[in-house]
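Here's the letter readout for the chains.
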Amino acid sequence: MILNETPIRTSKNYGINNIDIDDFSIPEIQETFEELNISGDVDEFTIKKEKNKIDLKYGNGEVLLKQIKNYSNVNFHIIVEGKKNKELQLEFDLTNKNQNLVDNILIEARENSNGIIIIKYLSSKNDKCYHNGLIKVLAQKKSNLNIIFVNMLNNKTENFTSIENILENDSKVKYNIIDFGGKNSITNYYTNLKGENSSNEVKTIYLGTSEQTLDLNYIVEVYGKNSIINMDVKGAIKDKSKKHFKGTIDFKKGSKKSKGNENEFCTILSDRAKSISLPMLLCTEEDVEGNHGTASRKT
Amino acid sequence: MKTKLDEINRNVYNIKNKDDYEYKIKKGLTPEIIKEISKQKNDPEWMKEFRLKALETYNKLEMPTWGPDLSMLNMDEIATYVRPKSKMTGNWDDVPEDIKNTFDKLGIPEAEKKSLAGVGAQYDSEVVYHSMKNELISQGVIYTDMETAVREYPDIVKAHFMKCVPLTDHKFVALHGAVWSGGSFVYVPKGIKVEIPLQSYFRLNSPESGQFEHTLIIVDEGASLHFIEGCSAPKYNKVNLHAGCVELYVKDNAYLRYSTIENWSKNMLNLNTKRAIVGKNAKIDWVSGSFGSKISMLYPMSILNGEGARTEYTGISFAGKGQNLDTGFKVIHNNKNTSSLINSKSISKNGGTATYRALVRINEVAKGSKCNVNCESLMLDDISRSDTIPVNDIKTDDVEFSHEAKIGKISDKSIFYLMSRGLSEEDAKGMIVRGFADPISKELPIEYAAEMNNLINLELERKYRIKKGMSK
Amino acid sequence: MSLLEIKDLYVNVEEKEILKGIDLKINKGEVHVIMGPNGSGKSTTANAILNNPAYKKIKGSILFDGADITNLKTDEIARKGIFMSFQLPEEIPGITVSNFLRFAKNKITGKPIKIFEFKNELKKHMEELGIKPEYSERYLNVGFSGGEKKKNEILQLLTLNPKLAILDETDSGLDVDSVNIVSKGIEMFKNKENAILIITHNTKILHALKVDYVHVLVNGKIVKTGTGSLAQEIEETGYKSFK
Chain A
-19 MILNETPIRT
-9 SKNYGINNID
1 IDDFSIPEIQ
11 ETFEELNISG
21 DVDEFTIKKE
31 KNKIDLKYGN
41 GEVLLKQIKN
51 YSNVNFHIIV
61 EGKKNKELQL
71 EFDLTNKNQN
81 LVDNILIEAR
91 ENSNGIIIIK
101 YLSSKNDKCY
111 HNGLIKVLAQ
121 KKSNLNIIFV
131 NMLNNKTENF
141 TSIENILEND
151 SKVKYNIIDF
161 GGKNSITNYY
171 TNLKGENSSN
181 EVKTIYLGTS
191 EQTLDLNYIV
201 EVYGKNSIIN
211 MDVKGAIKDK
221 SKKHFKGTID
231 FKKGSKKSKG
241 NENEFCTILS
251 DRAKSISLPM
261 LLCTEEDVEG
271 NHGTASRKT
Chain B
40 MKTKLDEINR
50 NVYNIKNKDD
60 YEYKIKKGLT
70 PEIIKEISKQ
80 KNDPEWMKEF
90 RLKALETYNK
100 LEMPTWGPDL
110 SMLNMDEIAT
120 YVRPKSKMTG
130 NWDDVPEDIK
140 NTFDKLGIPE
150 AEKKSLAGVG
160 AQYDSEVVYH
170 SMKNELISQG
180 VIYTDMETAV
190 REYPDIVKAH
200 FMKCVPLTDH
210 KFVALHGAVW
220 SGGSFVYVPK
230 GIKVEIPLQS
240 YFRLNSPESG
250 QFEHTLIIVD
260 EGASLHFIEG
270 CSAPKYNKVN
280 LHAGCVELYV
290 KDNAYLRYST
300 IENWSKNMLN
310 LNTKRAIVGK
320 NAKIDWVSGS
330 FGSKISMLYP
340 MSILNGEGAR
350 TEYTGISFAG
360 KGQNLDTGFK
370 VIHNNKNTSS
380 LINSKSISKN
390 GGTATYRALV
400 RINEVAKGSK
410 CNVNCESLML
420 DDISRSDTIP
430 VNDIKTDDVE
440 FSHEAKIGKI
450 SDKSIFYLMS
460 RGLSEEDAKG
470 MIVRGFADPI
480 SKELPIEYAA
490 EMNNLINLEL
500 ERKYRIKKGM
510 SK
Chain C
282 MSLLEIKDLY
292 VNVEEKEILK
302 GIDLKINKGE
312 VHVIMGPNGS
322 GKSTTANAIL
332 NNPAYKKIKG
342 SILFDGADIT
352 NLKTDEIARK
362 GIFMSFQLPE
372 EIPGITVSNF
382 LRFAKNKITG
392 KPIKIFEFKN
402 ELKKHMEELG
412 IKPEYSERYL
422 NVGFSGGEKK
432 KNEILQLLTL
442 NPKLAILDET
452 DSGLDVDSVN
462 IVSKGIEMFK
472 NKENAILIIT
482 HNTKILHALK
492 VDYVHVLVNG
502 KIVKTGTGSL
512 AQEIEETGYK
522 SFK
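Chains as they are written, first to last, in the numbering used here: chain A, -19 to 279; chain B, 40 to 511; chain C, 282 to 524.
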């Protein structure tokens, strides 16, 4: 199964245009998923259990998106309203009882709202599980959303995440991603800075251990004037783990005065660990500032 | 300092001689055509076999699935071999008048007198002139055309020819192997330091044809050399193809500097392959200025095989209207304590696309290696495009690797500062762009730095003329 | 006729109103100082005179030597004889101080200048300002320290010899010795035929110079104009009384 294609291809020999997951079959999904804990200021948010439409520009490939469409066993439409600065936490525990999670979460931050949403995936028992999830964020004008995404799944579990954010004028979406788990942990992250003065910040920490493969494909398209993207990805890999980081900032026509920063730092802790990175800057607009930096170093 | 744009004359590059050849092969690519080229060139048997094998490889390989769109290239429309009406000579006076005039206007014989230790000049598919100072000949330095090398040094050629760049590398390398013609061969014996540069100049005059020169340079242990390559062509309406191949062997403790100023005409597809294998404590420096061509796919590569081997790459590309310059650098760290320093700049304007596409690979064995990449792109307007696509593949923990890239426009503050000193906006921008290119000009011999500045001025002039025209 | 006359000038920066009706007259032979707290519009005034495109004139006009220069391009204004010493001079790689100044001088005077003459004059000014000779062959401001950049601005002032010198925070970030050298340079420049407009938020540099007028700029308006003693007053009491 080929996933996480980069928006622009480069030589096939470099092995980074996409990731090919072999030795993998799509599992059967139970109809319900029960080990789900919702906490925090639950009453301050509107939470509807409804299936959301799947219309992504990128996402984790047709097969997995189809699975979400047809077989999702957790569906939320979360509405954030008002400047209340409240916090909502969703915690999913994948165990033998609830082996497979396919979740479809839509977060809608209404005009002038703010809030914090924490989404955690764990596997408290050491069972082989499966996660295929979608988080879609619609940030309306002047909304301000902080999302904390935690992946603490075990190293036997396949983990696929598709994230898409669409930002209107003057909105801000900030992500903190803690990406620790999964046998193959494949994240497709896409932000559309559609509105003027919109801002997306994503800070990721990853850790690769044993024979894990982490494939992070972060794509940010800047359309709105005066917008900001800050991408900061740091992590360590040890044992025989592999990390592929593909970060793209794409300044589209009209994104005047926008700024983009992309930083990646990888600490390699073992001789057999492998790090590939492809930090892309694409630009069709003159009046922008784009920077990226990548570094790898021994501790 | 050159500041007046009207001092520069683009016409020198555009001298179009009559397509007056001694022999031009039929267009297209078949085993018969390859055999005919081989016959015309008097190849030894092994070379004929090599060409045919290369054609087979060519037919098997796919077109690249990435990079610029090459669909306008139709090999059935390209004549791969054009022999000029001239025999190779060591005396400019023996070169036919129209060909000599072209090289005169490009300043080649003059540069030879002033600042070079040797010169080679290729016109279409064959080298028409080759000469080197006597003292280098007496030191055992060999500098000749590739055909002579195949005849006179078959063992060295066989041991190195398309070993650094194998036929299977990509489709256009295979094509090159099948139809190659011309190019230079250099051998610098152990310990010999060639202090003054050698230069080969490649000129493609014939329309709807290709140039496929092969450059093979061996700098033996402890020796050193500076080699300069220049290229240009007049502009035609139909596509011309350049698929040269440069193979460089820098043996232990040796040093090679390889400088290129490329100014192909804007109907040229420049699909060139350049690669160096670098020995223990040896070093190769690449200096590269890309100004011409419609499409370039050019990624010089250093393979650091010896312990402590080093490389530096300093490159600039300037993409204007209708141009897609996809360039960059590749380095493979294959031994302990190897190091690479990469400094790339690009300028895009007037609808041009400049792409920096690169690979840094640090293999498991390359402990204690260092790599530093710095990449800057300047956008001169909002109808152009600039992309940075660098792959960093790190397979060892004991490494210091860093990569920085910047994209942006000329700073308004800098323009204001210069204008406040009485400079017009055009002068101010020109000054800033030349400053941007300065780290590359500095690496070139002074005449070539001046040529590069001229090319930058020409490109800028074209932009502003168009801009002014629009505002009327 | 005044050398410079600013009439009822309103200027916006990024849609924000910074100058709210400035009037100012400077005659030949005079030294003027604009003082004011941070953000009061001092640098905006300087940039507006040179018509920096980032500063939008909403209303008002600027006359120089009797001609309207309000909407002239920056280089045209410079060629009329206005010079500005920058608070943060830009680094321009690829051109040496010497080549740059010769080029600029040709542009300003409109005629080619003899190289020998130019080199001698440059050398003389560099000595006077205590700038090491090798700096003339270094790229313009590249790798210069803050103080070196400011001295280099004064070197440009002396070389280009304008009718009006605007010195924007020329004293900020300088040690005592540098302040003295810069003051000396300004003193050398000054004569009966030219004028100086100094923009500053402190009074360090003013001790060494004879100042004719001090204008206090607060919140985009000149709230008080006085003689040199006004600067001293501000040194003691600050801007509080003007707000």
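By construction, these hints were calculated from the structure, which means they are not laboratory data.
Small disclaimer: the values here were computed from a predicted structure and weren't measured.
Watch out, some of these pointers could steer you wrong.
[Claimed, not checked] Below, in silico cross-link-like pairs of lysine-lysine (DSSO-like), each with a Cα-Cα straight-line distance of 30 Å or less:
1. A:K183 - A:K37
2. B:K452 - A:K205
3. C:K338 - A:K237
4. C:K337 - A:K232
5. B:K124 - B:K66
[Said to hold, decoys possible] Reference listing, derived: stretches of chain B covered by chain A, where coverage requires no fewer than 3 residues with Cβ under 8 Å from a Cβ of chain A:
6. 413 to 422
7. 430 to 436
Note that beta-carbon positions come from the ideal geometry of N, C-alpha and C, so glycine has one too.
So, going through the hints one by one against the coordinates:
1. A:K183 - A:K37: It holds: about 22 Å lies between the C-alpha atoms, which stays within 30 Å.
2. B:K452 - A:K205: 20 Å, holds
3. C:K338 - A:K237: The given pair, whose Cα atoms are some 21 Å apart, holds under the 30 Å limit.
4. C:K337 - A:K232: 27 Å, holds
5. B:K124 - B:K66: Satisfied, since the Cα-Cα distance of roughly 19 Å is no more than 30 Å.
6. 413 to 422: The restraint on the stretch 413 to 422 of chain B holds, since 5 of its residues have a Cβ under 8 Å from chain A and three suffice.
7. 430 to 436: holds (count 7)
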